[in-house]
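S.K.: If you're matching them up, the sequences are chains A and B in order.
Going by this note's numbering, the residue at position 371 of the first sequence is 371; the numbering climbs one at a time, nothing skipped.
Going by this note's numbering, the residue at position 270 of the second sequence is 270; the numbering climbs one at a time, nothing skipped.
Since the hints were derived computationally from the structure, they do not count as laboratory data.
Please note: incorrect hints may appear among the correct ones.
[To be verified] Taking CB as the label site, the calculated pair distances span: (1) B:279 <-> A:190: 15 to 23 Å; (2) B:180 <-> A:252: 19 to 27 Å; (3) A:337 <-> B:1: 44 to 52 Å; (4) B:280 <-> A:71: 15 to 23 Å; (5) B:246 <-> A:332: 46 to 54 Å; (6) B:279 <-> A:337: 23 to 31 Å; (7) B:224 <-> A:71: 56 to 64 Å; (8) A:253 <-> B:303: 44 to 52 Å; (9) B:246 <-> A:337: 50 to 58 Å.
Just so you know, even glycine gets a beta-carbon here, dropped at the ideal spot from N, CA and C.
Below, each chain spelled out in residue letters.
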Amino acid sequence: MSITFDSSTPEGAEDYLQILAPDGTRHPCPELDHWVEEIDIPALENLYIDMACIRRLDTEGTALQRQGELGLWAPLLGQEAAQIGSGRALEHDDFIFPSYREHGVAYCRGIDPHDLLRMWRGAAPSGWNPYEVNMANQQIVIGAQTLHAAGYAMGLKFDGSSAAAITYFGDGATSQGDVSEAMVFAASYQAPVLFFCQNNHWAISEPATRQTAGYIADRAKGFGLATWRVDGNDVVAVLAATRAALAHVRTGSGPAFIEAVTYRMGAHTTADDPTRYRDALELEEWAAKDPLDRVAAHLDTLGADLAALKERAKQATDDMAAGLREAITTMPDPGVEDLFDHVYSHPHPWLEEQRENYANYLAGFSENVQASK
Amino acid sequence: MKTLTFSQALNTSLRDSMEHDAKVVLMGEDIGKLGGVFRITDELQKDFGEHRVIDTPLAESGIVGAAIGLAFRGYRPVVEIQFDGFVYPAFDQIVSQLAKMHFRSRGNVKLPVTIRIPFGGGIGSPEHHSESPEAYFAHTAGLRVVSPSNPQDAYTMLQQAIADDDPVIFLEPKRRYHVRGEVDTDLVPEPGSLYRAKVAREGADLTLIAYGPLVKTALDAADAAADEGIDIEVIDLRSIEPVDFATLSTSVRKTGRVVITHEAGKFAGIGAELAASLTERCFDHLDHAPVRVTGFDIPYPPAKLENHHLPDLDRILDGVDRAMRRTAPLLGEDG
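So here's chain A without its partners, still in its complex pose:
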């Protein structure tokens, strides 16, 4: 007898909190509505523009990789609402510990296009100074950053700070021991940290059902975390849930967890080929739940000027694309001297020897070149 696993995903509208349905209809959501009472037409339009911008950022990232300008890119397509809704709920003093797909959250932090692309181009091990934007650099080891967020939040608590830490990770990361340990530490010290899981249904080729037999959010409840399971393609619901969760952690009520149910419409990275493992019908199903379309449809029902909005979005996204192109064309390659910098914070005799020897070796070539001329 063969054992088969059900790879279908258990979900439905009743399983998560939702404010805007895919067709743009606004439903009452007693748990979340009061967190987004002030979200009016201009605010919705801004959220739409934000999502359009990071979609364009993502499109450009993939294109730049295809053109050989970037070594790799990790697309966020489909996850715009999860990243903008949460990113726009954060205060400046809140500290973010991301994975590697949170370009949209980095955009919310105002991170410069050079700094967004630097690591993906292979020009530096990371992009930005974390302390200037209160956001750690990309984390590639799956789930490792969640522990850093828990520790940072312990520090916030010791300091009596009103800020929060937030950490981003995916459905695949929830299988990592570090994520469980991070929830144990956060709960044990009642640290002000929000665990934000973008369940995008795929960890490269493995469906979320390979990581969990039930809801990921239910697992967090077992660790004693306040938990929200939310429609991750509904930017208003994500904004509301993130505000609710941050309010919870800021008041000293302990850590919180959000499972944002979304979908990775693109490949895992530009090196991946999802047609090998994913059904095209599933993509169609999720395309119908698009994060941008539902905001536009909702704005339409409110009588907003959609044509003007689309024009604004075009301008903003074109500016975004131009900024990225300009960043790539003006980004200097690293110098060989950068090889040995920052391994330690103060000089290290063995490395200084290697640096000097390698410089002499390279200098020998240039002397040969000179001599042969």
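Once you've looked at the hints, dock chain B against the given chain A.
M.R.: Below, chain B alone, put in the same frame as chain A:
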């Protein structure tokens, strides 16, 4: 000057560091009310509070990962790993996160985390309690690895490790915890001296390099060899990463012979690196190939066999005989 045991010197060093810098916090399993299984943190939670002497959940990756987060926030965590064999669950957080953060953040994020690990054998423990993991960490760029051999160094080097802006793996020779020695707590160490080796005994005929638990054994071996007319220079390495090659090379150029001893296995161990590097640097001065006297390349054996595994005075002297080309060495190994 006070007479303190090795463990009291560590305890005093932690206390003084915490009094000196309010950002120093201690983290580990059972370090609070119990004072740690070796009592290194005895009484510290009572005096500094639960937020500075933090009993942690039983999860080593979690301890190191959370320490990294605290360091991100400006703290200076000192982590206690209960035993050497329990550090491996934290390996990713140490080698991929702690070691590399300064490099990957292009110098923006400093992680001044000290990881204290009671290490080495000789106390009759069951498995996973007697390991010597120093080569794993020394091999990883971004980490510094040190091991004191006496109470004064325990006091001074721990304070220096905590004050260092780089992560430091601090290996405590647990079988020396009860050794007594004079400790000057007012001693102001020279900057950078944490990473310098010390000539523990001067000699002209052969350089014997040891660190941590085996420095005492090496000094005893040198005394015994003196009875046979061999004048051994003993070097206490103190810093395993970086290695103070200047001090080592000076000695080896003088003596022309070198024996290296450690408890860890021979293959790809610290002795291999020292033998290779000293050969590269001092080849023309050597009268014999470097000789390593080490633990065997086996899992740490049961307590009733550990005295065969651990280099002792006689095995070190056998290595000395080989390096001196004296006849009838005990083991008959090729150097």
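S.K.: All hints are to be evaluated individually against the structure, with a verdict given for each.
M.R.: Comparing the hints with the structure gives:
1. Under the hint 15 to 23 Å, the C-beta atoms of residue 279 (chain B) and residue 190 (chain A), about 56 Å apart, miss the expected range.
2. For the pair residue 180 (chain B) and residue 252 (chain A), the supplied restraint of 19 to 27 Å is violated, since their beta-carbon distance comes to about 47 Å.
3. Between residue 337 (chain A) and residue 1 (chain B) the Cβ separation comes to about 47 Å, which falls inside the hinted range of 44 to 52 Å.
4. Under the hint 15 to 23 Å, the C-beta atoms of residue 280 (chain B) and residue 71 (chain A), about 36 Å apart, miss the expected range.
5. For the pair residue 246 (chain B) and residue 332 (chain A), the beta carbons lie near 37 Å from each other, so the given range of 46 to 54 Å is not met.
6. Against the hinted window of 23 to 31 Å, the Cβ-Cβ separation of residue 279 (chain B) and residue 337 (chain A) comes to about 30 Å, which satisfies the hint.
7. Under the hint 56 to 64 Å, the C-beta atoms of residue 224 (chain B) and residue 71 (chain A), about 60 Å apart, fit the expected range.
8. For residue 253 (chain A) paired with residue 303 (chain B), a C-beta distance near 49 Å keeps the hint of 44 to 52 Å intact.
9. The given range of 50 to 58 Å is broken by residue 246 (chain B) and residue 337 (chain A), whose C-beta atoms sit roughly 24 Å from each other.
Hints 1, 2, 4, 5, 9 from the list above are not met by this structure, while the remaining hints are.
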